[in-house]
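If you read the protein sequences in the order shown, they are chains A and B.
Per UniProt numbering, residue 1 is the first one in the first sequence, and the count goes up by one each step.
Per UniProt numbering, residue 1 is the first one in the second sequence, and the count goes up by one each step.
What the hints contain is simulated information worked out from the structure, not anything from laboratory work.
Treat the numbers as computed from the prediction; the structure is a model and nothing was measured.
Keep in mind that a hint or two might mislead.
The list cannot tell twin chains apart, which means a pair is met if one copy fits it or any two copies do.
What the hints assert, rightly or not - Dumping the calculated DSBU-like pairs for lysine-lysine here, alpha-carbon to alpha-carbon at most 35 Å:
no.	residue 1	residue 2
1	K148	K379
2	K269	K286
3	K172	K303
4	K286	K148
5	K116	K172
6	K208	K283
7	K116	K148
8	K269	K172
9	K313	K269
10	K116	K269
11	K283	K172
12	K183	K172
2 protein chains.
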Amino acid sequence: MSTVAEVETAQPTPADQPGIREGAFGNARSLACRECGNEVELGPHYACPECFGPLEVSYDFPVVTREEIEAGPRNIWRYKALLPVPDDIEQSPNMEPGFTRLLQARNLGRELGLEKLWVKDDSTNPTNSFKDRVVACALSAATEFHSKVFACPSTGNLANAVAAAGARAGIKTVVFIPSNLEKPKQVNSAVYTDSLVAVNGNYDDVNKLASEIAGEEDGWAFVNVNVRPFYAEGSKTLGYEIAEQLGWRLPDQVVIPVASGSQLTKVHKAFGELVRLGLVEDKPVKIFGAQATGCSPVSTAYKAEVDAIRPVKPDTIAKSLAIGNPADGIYVLDICRSTGGAVEDITDDEVREGILLLARHEGIFTETAGGTTVGVLKKLVETGQLDPTLETVVINTGMGLKTLDAVSDQVGPAATIDASYAAFTATGIA
Amino acid sequence: MSTVAEVETAQPTPADQPGIREGAFGNARSLACRECGNEVELGPHYACPECFGPLEVSYDFPVVTREEIEAGPRNIWRYKALLPVPDDIEQSPNMEPGFTRLLQARNLGRELGLEKLWVKDDSTNPTNSFKDRVVACALSAATEFHSKVFACPSTGNLANAVAAAGARAGIKTVVFIPSNLEKPKQVNSAVYTDSLVAVNGNYDDVNKLASEIAGEEDGWAFVNVNVRPFYAEGSKTLGYEIAEQLGWRLPDQVVIPVASGSQLTKVHKAFGELVRLGLVEDKPVKIFGAQATGCSPVSTAYKAEVDAIRPVKPDTIAKSLAIGNPADGIYVLDICRSTGGAVEDITDDEVREGILLLARHEGIFTETAGGTTVGVLKKLVETGQLDPTLETVVINTGMGLKTLDAVSDQVGPAATIDASYAAFTATGIA
């Protein structure tokens, strides 16, 4: 990757931020407002000073080749030239997430009537969800900003990822979760940090509290609040990997779960960047969003053919998708509509069915978010919204042991027997 | 890898096994008795017909280069030339396990007083344990033998791996577990298969029942019974990966958990093969075995300086290591003694401490088996049995969410608060 490192870009050292080193954010040029286009310099900012729109990282990309990427490490840092991270990112202790399996799902495809289906399986990330990707990018930013606390509000997976990455990096972590969160996700954060804070309320309440703390306390990097622009870029790696693992080409259709909506918008952004960089051929890709009916503000707006998202109070077992006021919901609507995709939602029972569909057919145990995505895929085929003859990728973002309760009453031993052959033959299983 | 595929080896088609295709077992030549050296042809055999000793796969290896391996897939099949699998193994639906992270553990090393420590983290395998490696090799053998049922007795992780791999491959699975197994591991098998059988008794009882069924029923491939020689070879990939990920060289010391003892013997075998093939330089590697005191027959024999393993009734939270009569225990003793290593054991409280040590310092949440290995590493340093100045690798074989109960009473939220900044500042965390 030496050509990437040596290329001279327009990215200056942020002048009014002493202590920020040259090249701290790689090829990133600025933070640009998604609404008005106003550019501000790279820093711990997330809202446009002109219009309060969300800021997003923009880049001056050098020439990047497939060969340079393929010669990189087997984790997201193979794409470091396309992320707001320094060229020496691999030297900082981090979780080394990504480059997860892309599995052809012949059995599930047959079951659902799809000719060519792939599962991008992010359940095998270091803390078993896609959040390790975004947190790795946020950790890099927090490090470059010399933050003293690494923090987040979370529905669970993010708390796991932040607490783990912080432990490995040796930075103090404080993670905030709704107090009614599944026990496994609680313990799975508390093993890494002594500062897990349970908050009475739903995710949106926790998120609001985090924003308040971020405004009051100095040196706190809330990954999905004040370093959100850097954090969010990590989701692009899902898109990069899908394209690279398909042999440097884009699929026809992708089904992606929608919580804040950030992941979906970033996968779409990633595809566009690969095309612009000449790394894949341009082609239409239909993007589909998946929600649980108990928290489906984006799907509701899509079906009502309106542009505004009306916030809801979540009531679903898909807690990692239970964001009632999704920050990127309007961009999800725009992308799904403009690409010819759709946003759909399913009931909690269909979520459970989706979990078992994926487990029984492909040997992947997903959490409720993945059950939602697989269940929505099924519904999209059944309702004719998704073309079963086109190549389709469904993203599994998390892991079933974190939401065990969702299925623990539905499956179990077929028989409990004494340790004798006679007892076994009596079961009729042989 | 074409040179590997095209090379002509001495491996014949097993003459008296019609239906076994040419090349079904790659470069494997025969099954050789570990005790008397007697060779039998490749088949679903596991005991020497001459002396009843355990059979192990032997090979006629072709020339294999680092470059060929590095050009392979990012899973265990990059080493297919060194495994008893066909050259087209990647075309069969399988879990694509392996090539997991090797992380330098600076924080944990500092805590334990080790100068250069690495963690080989197999918790990010498809079903979150190293068992996906061995099961992938067993599945290949079962497929080549045209088995109709894919089965195992298991302490939990193996059941997860067998049920998942079978689901993806589309072969009927039946998995047998002790009825007192942790609930997460039960559900984590039952999601994949409708034939999970809970057996009243400990693992050794379940194992005995499985052997009986394997003897009575035709067409059943019990991965760790009648196809055990093929299955066990999968553990070699842990050794291959450690060497490749260190930059094609061997470490000085390795700490490995001991259940049946198979993994430890196979990592040792892998290092030897890499040396013989000229893929790494020869050097002394001290091998250490880790057990929980509540099931420590090998450690007990090691300390008593005897050669015979006296079976025990397991009583430990490290259930995935709770094999009271370890099949490869005597070989573990031999290897640890002859390489200058040791076998050590720790209490359940030290196991819990090991889990938290790894989580708090490196952001890896391991199960009780990994807690045992990390805890034993600590004890080995403290007792002067392991040289802290030498480069050391510790293997993490599994994942904490499967044995949540071990730590769920020890960690939790630091505070539960209402969603206000005042409530937060009152905690004193800021």
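- Item | Hints violated by the structure (numbers, ascending) | Hint check: 3, 4, 6 and 11 fail, others pass.
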